[in-house]
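Colleague: Spelled out from the first residue to the last, the chains are:
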Amino acid sequence: MKAKTKAKNEMRLVIPSNSANESFARSTVAAFMAQLDPTIEEMTDIKTAVSEAVTNCIVHAYKDTIGNIWIEAKIYDDGRIKVQIKDRGCGIKDIAKAREPLFTTGGSERAGLGFAVMESFTDKLSVRSVVGKGTTVIMEKRVAQRYRHDS
Amino acid sequence: MSVIFERSDDTLTALLSGEIDHHTAAEFRESIDREVEMTKPALLVLDFGGIGFMDSSGIGLIMGRYKNVTEYGGKVRVTNAPPMIARMIKLAGVGRLDVF
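Taken in order, these protein sequences are the chains called A and B.
Counting in our numbering, the first sequence tops out at residue 582, every number present.
Counting in our numbering, the second sequence tops out at residue 81, every number present.
Careful: at least some of the hints might be erroneous.
[Claimed, not checked] Pairs of lysine-lysine residues, derived as DSS-like cross-links and limited to a Cα-Cα distance of at most 25 angstroms, are as follows:
#	chain 1	residue 1	chain 2	residue 2
1	B	Lys56	A	Lys528
2	A	Lys437	A	Lys494
3	A	Lys528	A	Lys555
4	A	Lys555	B	Lys71
5	B	Lys56	B	Lys71
6	A	Lys524	A	Lys564
[Stated by the list, open to error] Some chain B residues flagged as far from chain A (calculated, every beta-carbon gap over 10 angstroms):
#	residue
7	Asp(-9)
8	Thr(-8)
9	Leu(-4)
10	Arg15
11	Lys21
Because the hints were derived from the structure by calculation, they are not lab data.
Note that the coordinates shown come from a computational prediction; the quantities given were computed from them, not determined experimentally.
We put the CB at the ideal spot given by N, CA and C, even for glycine.
Kindly generate the complete structure, drawing on both the sequences and the hints.
Modeller: Right, here's the structure in full:
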């Protein structure tokens, strides 16, 4: 079994599912990620993926209510960032269906691209969900290791 | 966020600026729909030149305006889309849209 790698730094954030917090959540994770010295594009990818996951919590998990969203981010020596976004909302009945591009239950103004974007903009995406209990999304991306000041 | 409108002949150009997410998309939508409703342009140009960030809510915003405008026979064009936005439009496979 592969040994569990220890994160070199981590952060946790709990926010209520107010849509005004979408911008706060993605900017916070991006600011934390800056320690990996990512390119603007790598940072934008993570910002976009976090924005999608948090929006899912607001639009779907806590559709008619306000609940907490737990965001945890870890960075590793090999340049990886791992972001976990968790809610205790309604859960997803059919994860495979929810992950299909253009599938949405969010109405005509929603593109149904949330999971497709998370998948496309990160290296790894896992979704765990229990109906009535909530959903946890874990995303991972490796930032290209360029010139390191500490070498 | 802000939207500045420019009108010439039958074309309405909406110069969008700021960030587009699920929260701000509602404000963009209301502002554009109000102007479109009043002027019924033959061509609605959505200019993304001033957009610094956009998630898939921006695609929803484009698709929704496309639906509204084509319903009365108008056209929609997306212009000045930064590479990130162009990438998402491609991901969405919104091929019928005019994107420059």
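Colleague: Each hint: holds or not?
Modeller: Status of the hints after comparison with the structure:
| no. | hint | result |
| --- | --- | --- |
| 1 | B:Lys56 <-> A:Lys528 | 32 angstroms, violated |
| 2 | A:Lys437 <-> A:Lys494 | 36 angstroms, violated |
| 3 | A:Lys528 <-> A:Lys555 | 18 angstroms, holds |
| 4 | A:Lys555 <-> B:Lys71 | 20 angstroms, holds |
| 5 | B:Lys56 <-> B:Lys71 | 19 angstroms, holds |
| 6 | A:Lys524 <-> A:Lys564 | 11 angstroms, holds |
| 7 | Asp(-9) | 26 angstroms, holds |
| 8 | Thr(-8) | 24 angstroms, holds |
| 9 | Leu(-4) | 21 angstroms, holds |
| 10 | Arg15 | 15 angstroms, holds |
| 11 | Lys21 | 20 angstroms, holds |
Hint compliance for this structure: hints 1 and 2 are broken, all remaining hints hold.
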